[in-house]
Amino acid sequence: MSANAPYNEMYADDGGVREHYRRFAKWLSETPGDRVAQKRAEADTLFRKVGITFAVYGEEAGTERLIPFDIVPRIIDAEEWRKLAAGLKQRVSALNSFIDDIYHAQEILRAGKLPAEEVLCNEQYRPEMQGIDVPNGIYAHIAGIDVVRAGRGEFYVLEDNLRVPSGVSYMLEDRRMMMRLFPELFARYSIAPVDHYPDLLLENLRSVAPSGVNDPTVVLLTPGAHNSAYFEHAFLAQQMGIELVEGQDLFIDNEFLYMRTTQGPQRVDVVYRRIDDDFLDPLVFRPDSMLGVPGLLTACRAGHVTVANAIGTGVADDKSIYPYVPDMIRFYLDEEPLLANVPTYTCRRADHLEYTLANLDKLVVKEVHGAGGYGMLIGPAAAHEEIATFRERIKQSPTKYIAQPTLALSACPTFVAAGIAPRHIDLRPFVLSGKEVNLVPGGLTRVALREGSLVVNSSQGGGTKDTWVLGHA
Amino acid sequence: MLSRTADHLYWMGRYIERAENLARMLEVNQNMALVPRTLETEEQAWIATLTIIGLIEPFKQKYAAVTPTDAMYFIVFDSDNPVSIFNCIRSARENARAVRGTLTSEIWETINSAWLEMRVTGADSMTAVDTAAFFDWVKHRAHLARGVIQGTMMRDLAWHFTCLGTYLERADSTARILDVKYHVLLPRGERAGGATDYYQWSALLHSVSAFEIYRRVYRDLITPRRVAELLVLRDDMPRSLHRCVSQLHTHLIAVANAQSAETVRRAGELQASLHYGRIEDIFSIGLHEYLTRFVGRVRDLGERVAQDFLVSATGD
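Protein chains in written order, with the numbering used here: chain S, 1 to 473; chain E, 1001 to 1316.
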């Protein structure tokens, strides 16, 4: 975990190309530079075309940025993926058990595995969900788990996204783009497909329909065309062949959920919602929300509708709960965690606070409720004054912060202005939980395009890469 | 189908059609201006056009006098006018965007690129605009949009609601275009059946792509009665009232629900009156009278469609 030269996805320490990148490296060396350049330009044009339709989702052009796409794939070999996938499934299973528990018997709190106030006083904990049974005890039906490789190549979970994780449309579009641009590469490699993700998702959503419903109607609930992820909402609804609905299309009657159709009201059984808890039901949460459905919670409580992800999952992906996930795995599954957490100092603990304040220049400090790479201090890269300001902020409200060692995130060769150079990457696979736990082999690889930058968020100038999981060939 | 989705599709269809028909209506005026006109008849022709498309009041609120350039600008580009051609294309695209998932990607791309081009063309005045080329462009975009709708869209409720919007709007527009002649007076001293009269009727036929058809069908002089017969009663004429209402009726039957029986009946009644109607009877009422009533009945159908399918489908 030292900040030495980062693990390089493509090259081993001795400079040789890693086994699973060899065919790609050979292709790259055989392909004339101008052809690669032309393909990159083509990718740019094609994405701009998609991107233009994307950008115009904002009121006028320019309100949304295009997310840059890099043509060097991130390749994971079969065996490594197998381990990673097993670890992800284990982690998401434990997280689902945890959420079920804290809204029911709260055994984990009674066993003293984590402080009750961390859970019960958390803003994301929804007392309204206490005692409500959800189908199969599944709360986080769709989980986006951010993992990074650090040190000598071992994987760490950086963050669990259990509310309304997004980005899966990039995983699918990036693959489509690569297949279109470089069909010859797909002939050389046996690359596990990801394009059945929408099918898996639909199957998963149908499998958690309220009991007694044979042919459930599933809808995707979007905040509307002005939401930045609307493209993804429309894309997924279309791919699954389900209705893309807004709050105004739905209403509750006698604790059942209906959508307004040209043939009259139609029952809805499962809602794949892409709206935050706060906006979901104005009768329970924010009363000024125009995006939700008044009474939705009562329909959930009556067991007449499944909301995916369930209300109240946010408490489990909170940064203040994150340090306890390995203990959850031991507690609920009686297994050792297959995937490691990044060591985390929670500033609410006096000893951790002391350590953090003494080592700010070496640590990454995050706001507990922050997201998207905002409100973050990266110690080694920060100016003196910045560290000083953060020190004061942490001292004022230590409970708001956690700190982690600066990870040397792995790097992957990436096209930049000066040619090909290593850039830091992460990975967000999407784990689906219903009757069983499933994931497609792959995920969204994000890349920090600025040299040395560790922040991969698209809001902070990150790009994406296609992610290849190799088959056994 | 979601009522909101149906509503967007219906209005997408209407706005595409309206943009096209506005261009057609302006073309009539343009073509009529090819024969020498006095300043007075020129102004009167523009007042007629604004009246027919129902924009005379909003126009007068903005401008003190009716000049050809102001009138043209108001109808074509003015973003303050919610139903300018500019705004019709914008609205068609906004409606398409809201239901993008229901459309094939070709439909979306066609309508979106029309809007992107429109935005580039959007001018501050009419001086730099080649109007004839612009009207052709609008018609071509509409043809393209309809072509891609017919060529790629599943024949399901989405298609039926798009077509409902298209034919409702077209029925209304053709009736209004035909009524232009009532409002456009002949210059003083000109007699009905004279040269100017002829030019006006043929401009009208051209504007609804019916000039060649007229020649082929009648092989004879252009007379008001035949023009009216062609554009009102003939079922094989794609923009005629009869054709539009027949289509409207068919699509209404396809989307029928528990509360739409009366709407279907009214459309059927109107269709039957066109099917069995005689031009003599229409002329004995007076063409203008007849068209005014027709526009009213189409408006009624539009309101009923909204009531039955687009807004009221709640459980409470």
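None of these hints come from the bench; they were simulated from the model.
These numbers come from a predicted model, not from an experiment.
Glycine included, each C-beta is placed from N, C-alpha and C at the ideal position.
Please note that the accuracy of each hint is not assured.
From chain S, some residues computed to sit far from chain E (all C-beta separations above 10 Å) [what the hints assert, rightly or not]:
| no. | residue |
| --- | --- |
| 1 | Gly87 |
| 2 | Ala225 |
| 3 | Gln248 |
| 4 | Met259 |
| 5 | Gln263 |
| 6 | Gly264 |
| 7 | Ala358 |
| 8 | Lys395 |
A short list of chain S residues far from chain E (calculated; beta carbon distances all over 12 Å) [to be verified]:
| no. | residue |
| --- | --- |
| 9 | His233 |
| 10 | Ala234 |
| 11 | Glu246 |
| 12 | Pro265 |
Partial pick of chain S residues on the chain E-facing surface, computed with a CB cut under 8 Å [unchecked claim]:
| no. | residue |
| --- | --- |
| 13 | Lys113 |
| 14 | Asp249 |
| 15 | Ser397 |
| 16 | Thr399 |
**OP:** Test the statement that proline 265 of chain S is away from the interface with chain E: the closest C-beta pair must be farther apart than 12 Å.
**Re:** Not fine: 4 Å to the nearest Cβ puts proline 265 of chain S too close to chain E.
Subject >> When the least beta-carbon distance from lysine 113 of chain S to chain E is tested against 8 Å, hint result >> reply: Hint violated; lysine 113 of chain S Cβ to chain E Cβ min 44 Å, cut 8 Å.
**OP:** Test the statement that lysine 395 of chain S is away from the interface with chain E: the closest C-beta pair must be farther apart than 10 Å.
**Re:** holds (49 Å)
**OP:** Would you assess whether methionine 259 of chain S, listed as outside the interface, keeps its beta-carbon beyond 10 Å of every beta-carbon in chain E?
**Re:** Methionine 259 of chain S is in fact no farther than 10 Å from some Cβ atom of chain E, at 6 Å.
**OP:** Take a quick look at alanine 234 of chain S and tell me if its Cβ sits farther than 12 Å from every Cβ on chain E, holds or violated.
**Re:** Violated, since 4 Å does not exceed 12 Å.
Subject >> No chain E beta carbon within 10 Å of glutamine 248 of chain S's >> reply: For glutamine 248 of chain S, whose nearest Cβ neighbour in chain E is about 7 Å away, the distance does not exceed 10 Å, so it is violated.
Original post:
Taking the closest pair, is the beta carbon of glycine 87 of chain S still more than 10 Å from chain E?
Top reply: holds (35 Å)
Subject >> alanine 358 of chain S remote from chain E - nearest C-beta pair above 10 Å >> reply: holds (54 Å)
Original post:
Is the nearest CB of chain E more than 12 Å from the CB of glutamate 246 of chain S?
Top reply: violated (7 Å)
Subject >> Outside-interface status for glycine 264 of chain S - nearest CB in chain E farther than 10 Å >> reply: violated (6 Å)
Original post:
Taking 10 Å as the cut and beta carbons as the points, is alanine 225 of chain S off the interface with chain E?
Top reply: violated (6 Å)
Subject >> Proposed interface contact between serine 397 of chain S and chain E, which counts if any beta carbon pair is under 8 Å >> reply: Because about 43 Å separates serine 397 of chain S from the closest Cβ in chain E, which is outside the 8 Å limit, the hint is violated.
Consistency note: the structure conflicts with the earlier hints numbered 2, 3, 4, 5, 6, 9, 10, 11, 12, 13, 15 and 16.
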